[in-house]
Structure formats: C-alpha cells, structure tokens
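*Asks:* Take a look at the letters that make up each chain.
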Amino acid sequence: MTLTDKIPNETSALEGARQSLMAVLARADRDELAAILDRLGPVPPVTDLRQPETGLVMLRGRTGGEGAPFNLGEATVSRAAVRIASGEVGFCYRLGRDVHAARAAAILDALWQDGQRRGAVEAALAPVRARLAAEEGQVRSETAATKVDFFTLVRGED
Amino acid sequence: MYVAAKGGEKAIRHAHALLAKRRRGKTNLPSITLQQIAGQLTLAVDRVMAEGSLYDTELAALAVKQARGDLIEAIFLIRAFRTTLPRFGATIPLDTAQMLVRRRVSATYKDLPGGQLLGPTFDYTHRLLDTSLGVERECSEVDDQASAADASRLPSEPVAMPRVTDLLGQEGLIEASPEDTGEEPFDITRAPVSFPVDRSTRLQTLARGDEGYLLALGYSTQRGYARSHPFVGEIRFGDVEVMFEAPELGFAVSLGRVQVTECQMVNQFKGSAEVPPQFTRGYGLVFGQCERKAMSMALVERALRWKELGEEPGAPAQDEEFVLSHCDNVQATGFVEHLKLPHYVDFQAELDLVRRMRAEHEAQMKEAAE
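If you're matching them up, the sequences are chains A and B in order. To convert, note that position 117 of the first sequence is 117 in my numbering; the numbers rise steadily by one, no gaps. To convert, note that position 69 of the second sequence is 69 in my numbering; the numbers rise steadily by one, no gaps.
If you're looking for bench data, these hints aren't it; they were derived computationally from the structure. Since the structure is predicted, the reported quantities are computational estimates derived from the model, not experimental observations. One should not assume that every hint holds.
To be verified - Pairwise CB distance ranges (calculated): (1) Glu157/B / Leu49/A: 48 to 54 Å; (2) Leu40/A / Pro113/B: 39 to 45 Å; (3) Ile12/B / Asp31/A: 40 to 46 Å; (4) Ile12/B / Ala126/A: 32 to 38 Å; (5) Glu157/B / Arg118/A: 28 to 34 Å; (6) Pro127/A / Leu18/B: 35 to 41 Å; (7) Pro113/B / Val154/A: 21 to 27 Å; (8) Gly69/B / Leu153/A: 40 to 46 Å; (9) Lys21/B / Thr152/A: 57 to 63 Å.
As the list claims (entries may be wrong) - Sample of chain A residues lacking proximity to chain B, with all beta carbon distances greater than 10 Å (derived): (10) Ala13; (11) Ala23; (12) Ala26; (13) Ala34; (14) Arg39; (15) Pro44; (16) Gly64; (17) Ala81; (18) Ala85; (19) Gln113; (20) Ala126; (21) Pro127.
Even for Gly, the Cβ is constructed at its ideal location relative to N, Cα and C.
Pulled out of the complex, with its shape left as it was, chain A reads as follows (with noise of 0.2 Å):
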C-alpha cells in the first residue's frame, strides 16, 4: 500500500467514527448530554464561535421514493460551534429547538477531537448507544409481532 492510497483511508475511517458520534449526539437527550459532559469533567474552557440558535431545514424526499428529489417541508433544528482551549473545533446540528443541548453536543464533538479524550467520551456514550439500540430493538420485535401471512382461497369450481 502507497502512502497516498492510505491517507484517504484513514481519512474516511476517522470521519466515518465522527459521523457515527455526531449521530448519537443528535439523539442524545439534553440530560443524557449534561451527565455525560459532567462525568468527562473538567471541560476546559469553551469559546463559542456560534451562538446557539435554532433554525429550519427543509427535509426533501425523492419522487416514487428513489427518483428526482421534492421539498416535503421544514424541521426545526439547533445548532453550535465551539472551540476548546486546546485548540479542537465542535459543530452540532440536530432536530428539535433545544440549543443547551445543540451546545453541550458540540462541546462533545470538539472533546473526541482530541486524541487522548476520544476514548473517555466514547465510553461516556455508550450508554446512550445502548439506550438508542434497545429502543430500536424494541420497536422491530413489537412490530414483528404483526406480521402477517395473508393466504388466497379458490372460490368454487372451476
């Protein structure tokens, strides 16, 4: 393997981990956020490089589901970025007007950034990886529990 074939792929791997976080931070609850940030604790000190805020995206979908795209209507959503005293910048978007929870996420993001934290805030997550993956869990056995097999009859003769 050349050098430049394996920087892309470490690349992507890394950005790959942080889509993965930044998912789970967009689902996180605002308590969940505050605990986690607490039990990582000292933070140290946050500048804002956005005010939280909340705003729109206008959501699309697709013609017949995999065609030519539409604008099916708007959601609200919170965002923030941040920068830590040692240097790392966090982003956060998520559904919802909650910006304490836009922010808190974004100092998370900025957190995992750092090499020697990263693993600490992945360990405080897990439990909020858990929650999301019962929850999803939950919803497919129920859910399966309504499958049906619908037969046909022939009526009459022939």
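Take the given structure of chain A and dock chain B to it, following the hints.
*Replies:* Here is chain B on its own, set in the frame of chain A:
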C-alpha cells in the same frame, strides 16, 4: 377599495381572555400537558406537522392545545411560527428504503421480502366504541393491552425491506421515477408558483395540502372522474434518518430521525410505439403517521400526470391549477373566514347602489303603467 374599521379594542381583549378561559375548561381538572397530547393524540399532532409543513412534535402539540383541538387553527399557528426562523439549508433527500419500519403493507403482493407488518393500525378493528377507555381505573384496559403487546414481542433482527416498486422496476414492469439530474427542486415557500408546474412542485404542494380535500379528490378518481385503476403497491410508515451536509463540516451528518408515511400507488398501464406496456405510478409522502393522506396524495398525484401519460383530460382531479390552488387549508380558511370581519363600508356602498336601482326600477314601472 379597502377601508379600515377601528375600535373594539376592549371587546377584543375581553373576548381573548374568555377564549383562554374556555380553552382551560374546568379548573378542578388538571390542564392537559404537551407530553400527553404528543403521546396520546399522536395522529392529531402528526396531521398538524404534515399540513403545517414543519416537523416538531412539541410545537405541534402546543398548537393543538392552544387551538383547543381545532387542527386547521393549529396548522395556521405552525405556519406562522415557521416564518420567524432562518433556514440553514436543505437536507439530503430522505431514503425511505432504509426506514426503521413500524408498519408496511402491500395490496399487490402477499409474500414480499421483509414481510407484511400491520403495526399499530385501525384496519381490521370493528369500529365499536370501547367504553372501557372512558372508565378511570388504576389499571385500565389500555394498560392491559400494552402489556399484551409487550408479551407478544418477537426477537427480530434487522431485515431488508426493499420497496415494492423497486422489485417491479427490476423487471421493467413499472415506469421509472424521473431521474435526479442534480437540479434544485422548485420551492413554493420561496417563489411564486406559475402554472403549469413540474412534478416536484406538485408533490411539495400536495404534501402540505389539506387531508380532507385530497381525500375527496382521490375518492373522485376512484368513482370514475379520471379513473386510473389503482393498487396500493406499498404503504410504509416508520423512522428515517435526516442527513444534512453542513457547509462547515464538508461531510454529511445525521440530524436525528423523523417519522414519515410513504404510499406507492401502482396504476393502470399503457404502452405506446416507444414504450412496452408497463404500470404507472402515483406517489405520496407525508410527515408522521398519516396513511389516509399519503394514499389520497398518491391518487391525486397520479391523476395530475394525465398529460405526460397521454390520457384524456376533463375530471376535476386532473385540473392542476384548480387542485393545487385550493389544497392549502391555511390559505383557504384565511379567505373564507375573512368574510366575517367588518365589511361595513363595502356593504354600505352596495346597499346604496341597490336602493338607487330599486328607485329607478320603480320609476320605470310607474312610467310603463301610465
């Protein structure tokens, strides 16, 4: 000419105070919470999100409470709220094939990969009022039912649930969806609409259109006004991930999940010199669990495609300008309900005119009699 009416401030203030009192109801009963509305009147909240065109369950629950359960008023409140926020951008289109499915049925195939899942549905209920829901007890019938649902849970691994239309598409038996050319879809909330419009504009308009109106128009197509012989290829409802490409990040992130209902209508086929016979389709996609709306949308969407498919026009549901110009219940209620506001000066003018015409008429009659 528009002439303003002034005054009435005190009466208006008192009327609004009385409205607040009536909304609250009897104070010996607890005020209903937003969590209760969002958790127990879910389908009302879903409708407000869909037609308010804003996904936020908490806000929709608040709107339902503030509107005393008047859903069109609640939708109006949501539409007004959305104008107060900046827009950060548009998401990557939702991928309904990757849905965490809570319900999925097909009327065209009984055996399909991933199976048919009834989920929480009113279908096959007997539509008998359940009086036990009105009885206050420590452990009500509802709670018993909840534990029954828990007991029947089956261990289940994630299974692939391809869309039925994708299965038909693989064999070439159904028309393909219009291709994603990378062009930005038209946005009716940002620019005035001028007819005729493209398919994505129709879909956006229908997605926020009034459920009752679309139901009636969809029904009319079944009764023979632009008949298209529809089958429900598939209805699915569940959670989809919202992916957004934030400019400062340079990659797509998940914003969380939303619930949507999708309806794939499979309709009558026609061939031509260029195209072999194949099924055609109508599409419905709506926020929340709004199955009736998604089906109606798909029927109307299909009817509006008459020109492209070389069909005969003439039915109400095919009239694009008529259908799309009247499907927004906030616009409709605004114009209809404004009639009850003061029109005193206009009416005085008309009264005066009628009096003059009558006087002239009388004079003419008299003249004729002489």
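*Asks:* Can you give the numbers of the hints that this structure goes against, from lowest to highest?
*Replies:* 1, 4, 6, 11, 12, 16 and 17
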